[in-house]
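Heads up: the protein sequence lines correspond to chains A and B, in order. So for the first sequence, the working numbering puts the first residue at 1; every next one is plus one. So for the second sequence, the working numbering puts the first residue at 1; every next one is plus one.
Keep in mind that the hints were calculated from the coordinates and are not lab data. Fair warning: there could be bad hints in the mix.
Said to hold, decoys possible - Coverage of chain B stretches by chain A, computed from C-beta distances (three or more under 8 Å per stretch; other residues unrestricted):
(1) 37 to 51
(2) 86 to 92
(3) 135 to 145
Unchecked claim - In silico lysine-lysine, DSS-like type, Cα no more than 30 Å apart, as pairs:
(4) 99(A) to 140(B)
(5) 92(B) to 140(B)
(6) 140(B) to 97(B)
(7) 108(B) to 179(A)
(8) 232(B) to 285(B)
(9) 179(A) to 101(A)
(10) 97(B) to 165(A)
(11) 92(B) to 179(A)
(12) 236(B) to 108(B)
(13) 179(A) to 285(B)
Ideal Cβ placement from N, Cα and C applies to all residues, glycine included.
So the chains spell out like this:
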Amino acid sequence: MVKSLKSSLVAKGLFIMMLTLFLFLPFIPLVIWSFTKQWPWPLLLPEKWSLDSWNYLFSVSGRAGEGLLNSWIVAFLTLIGNLLIGIPASRGLAQNEFKGKRVIFAILLAPLFIPYTVSIIGMHDLAIQFDFLNEYVSVAFAHLLVTLPYFIATIWFQFRLIGNKLQEAALSLGASEWKIFIWIEAPLLIPSVLLGSFLVIVISFSQYLPTWIMSGGTLQTIPLVIFPFANSGNSSIVAAYSLLFFIPILFLLLVYYLLLRINSRKQFMKRG
Amino acid sequence: MQLERIKIQINQSIIINSIDLQINSGEIFVLMGPSGSGKTTLLKGIAGLIPFTSGKLRWEEKHGTTGIVFQEPRLFPHLTVLENIAFGLRVKGIPAKERRNQALDFLKNLQLESLESRYPHQLSGGQQQRVALGRALILKPDLLLLDEPFASLDTSLRQDLIEWLSKLQRRLGFSILWVTHYLDEALSVADRIGIMFEGAIQQIAAPAALFQNPATEKIAQFLSLPNRISRKQWNKWFQSELNLPTTQNRGWIDSNHLQVIDRDCQLRDINKEVSSCIISGIVTKVRPNREGYSIQVTSENNLLDVNTLGWNKIPKLDEKISIIVPFEKIHWYTE
Numbered sequence: 001m002v003k004s005l006k007s008s009l010v011a012k013g014l015f016i017m018m019l020t021l022f023l024f025l026p027f028i029p030l031v032i033w034s035f036t037k038q039w040p041w042p043l044l045l046p047e048k049w050s051l052d053s054w055n056y057l058f059s060v061s062g063r064a065g066e067g068l069l070n071s072w073i074v075a076f077l078t079l080i081g082n083l084l085i086g087i088p089a090s091r092g093l094a095q096n097e098f099k100g101k102r103v104i105f106a107i108l109l110a111p112l113f114i115p116y117t118v119s120i121i122g123m124h125d126l127a128i129q130f131d132f133l134n135e136y137v138s139v140a141f142a143h144l145l146v147t148l149p150y151f152i153a154t155i156w157f158q159f160r161l162i163g164n165k166l167q168e169a170a171l172s173l174g175a176s177e178w179k180i181f182i183w184i185e186a187p188l189l190i191p192s193v194l195l196g197s198f199l200v201i202v203i204s205f206s207q208y209l210p211t212w213i214m215s216g217g218t219l220q221t222i223p224l225v226i227f228p229f230a231n232s233g234n235s236s237i238v239a240a241y242s243l244l245f246f247i248p249i250l251f252l253l254l255v256y257y258l259l260l261r262i263n264s265r266k267q268f269m270k271r272g
Numbered sequence: 001m002q003l004e005r006i007k008i009q010i011n012q013s014i015i016i017n018s019i020d021l022q023i024n025s026g027e028i029f030v031l032m033g034p035s036g037s038g039k040t041t042l043l044k045g046i047a048g049l050i051p052f053t054s055g056k057l058r059w060e061e062k063h064g065t066t067g068i069v070f071q072e073p074r075l076f077p078h079l080t081v082l083e084n085i086a087f088g089l090r091v092k093g094i095p096a097k098e099r100r101n102q103a104l105d106f107l108k109n110l111q112l113e114s115l116e117s118r119y120p121h122q123l124s125g126g127q128q129q130r131v132a133l134g135r136a137l138i139l140k141p142d143l144l145l146l147d148e149p150f151a152s153l154d155t156s157l158r159q160d161l162i163e164w165l166s167k168l169q170r171r172l173g174f175s176i177l178w179v180t181h182y183l184d185e186a187l188s189v190a191d192r193i194g195i196m197f198e199g200a201i202q203q204i205a206a207p208a209a210l211f212q213n214p215a216t217e218k219i220a221q222f223l224s225l226p227n228r229i230s231r232k233q234w235n236k237w238f239q240s241e242l243n244l245p246t247t248q249n250r251g252w253i254d255s256n257h258l259q260v261i262d263r264d265c266q267l268r269d270i271n272k273e274v275s276s277c278i279i280s281g282i283v284t285k286v287r288p289n290r291e292g293y294s295i296q297v298t299s300e301n302n303l304l305d306v307n308t309l310g311w312n313k314i315p316k317l318d319e320k321i322s323i324i325v326p327f328e329k330i331h332w333y334t335e
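Just chain A, same shape as in the assembly (with noise of 0.2 Å):
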């Protein structure tokens, strides 16, 4: 007995340890080459150290800063959009039942199963169409293409869980729709919002394509100042501009877990 839960102890060390170095090992060789410029094979670590790489990703033109600052505005307004669209459609796949429902959920969860090309080639066609828009608000219009699907799809799950139940109670205590969103349904909806947020504003972060399609390549967003560098073979730079553009997924990561937490004090999560 004993032994067994001794045995089972060490495979379960041994399942964190390998689980870890998977999700750690690409960062050991991206901070290696963020401080050298060569590292030829088969040396186990670079002759020579420089910060030339980070000194380039703060001097001017670098565009850093810009590549960074944009990339948030963009998220930010990706994620207004989703909101506002995607809590009021999910709330209505998930509770209502009407014809052409299925159609409806399909299409708002196309982009998830239509090869990217298809996106790419549609989106450009918007571009075009949309050229008198704000070129900020033009890709976030991308971008909520793109993420639309991730964030309902955490949202409708939620509000199948809730149902309607609470809603009936809440109807029969004399509560409108709208108190009934405000004071049951959104307090209950944080946990799913958080980590649908979370991931709108790490999936808009991380697109190339649809930014320098609806922008015309002129929005430098962190994904499009990287790329030239990735595509010249420059791995020094481009390992410097990955870490910085790990730096706020890792912020948000702390803040979504922050924010989970002061939530989940009141416990409601932990139904006994």
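Based on these hints, arrange chain B on the given structure of chain A.
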């Protein structure tokens, strides 16, 4: 409250078909019926959660109010006990301090003092259901609608809560339309019982009258009345044409009123009683109960349930026995 020809249709299918029902002030009306008979739909219709397709709901006064409690407590998981109870007051726009005072005061009625800051998941099933009742009752509804509110609780807790709610109802004086499928629950609280089948109320009667005169065989079957035998068979057993109205073509008798007799010793004496008959049959099933044994006897292709008193004499399977049936204990009804 009075319902007049209420009809509810959902997706082309008629769930409630022309129901007329009056619930008097301070009355507990119990609605019973098999699953899918439309009880919950009717309750939701009265509560305004489902629209009536046709018909009218009238109140004795200008406009009455309802509160509904469902089978599951449906408490708002992110709100405390106090916030849950005060939810209806919040909807009404009553200021925070006042609704808090009212809710705190009401907690005494619910016997939930000192639990006001707990969340639903920190309460037992019985406490949760009391909060759900409190949340509806604090709005002082004229009619409380209960949809099998204690069905998910264990028997002893269910009985305690029924007792508690009955007392509370007597004190506060509201009316109740109570849906349940537990016969004991219905009998312990009901002023009147309504039996519902296929979207229509088939019979309304006081509990005792319902058992004495079920309107149809279907109702008798639903009430699990034992020993429901056709009049023709009773005539045969009594060896005469029974003097009854022609419409009463079926009769049931309680298992406790059938008595197993010792053929050798008692047969001669008992035969003298004109108002009784003796049935011979074979024991086909024996089960012990609190007072003795429940036995099933087959006689002329009819199954009879008989309860014996005491455990000393154990009936044997396939044993031939005689049963005495007192005529005055048979309740007659129309099939």
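message: Of all the hints numbered above, which does this structure not satisfy? Sort the numbers upward.
response: 4, 12, 13
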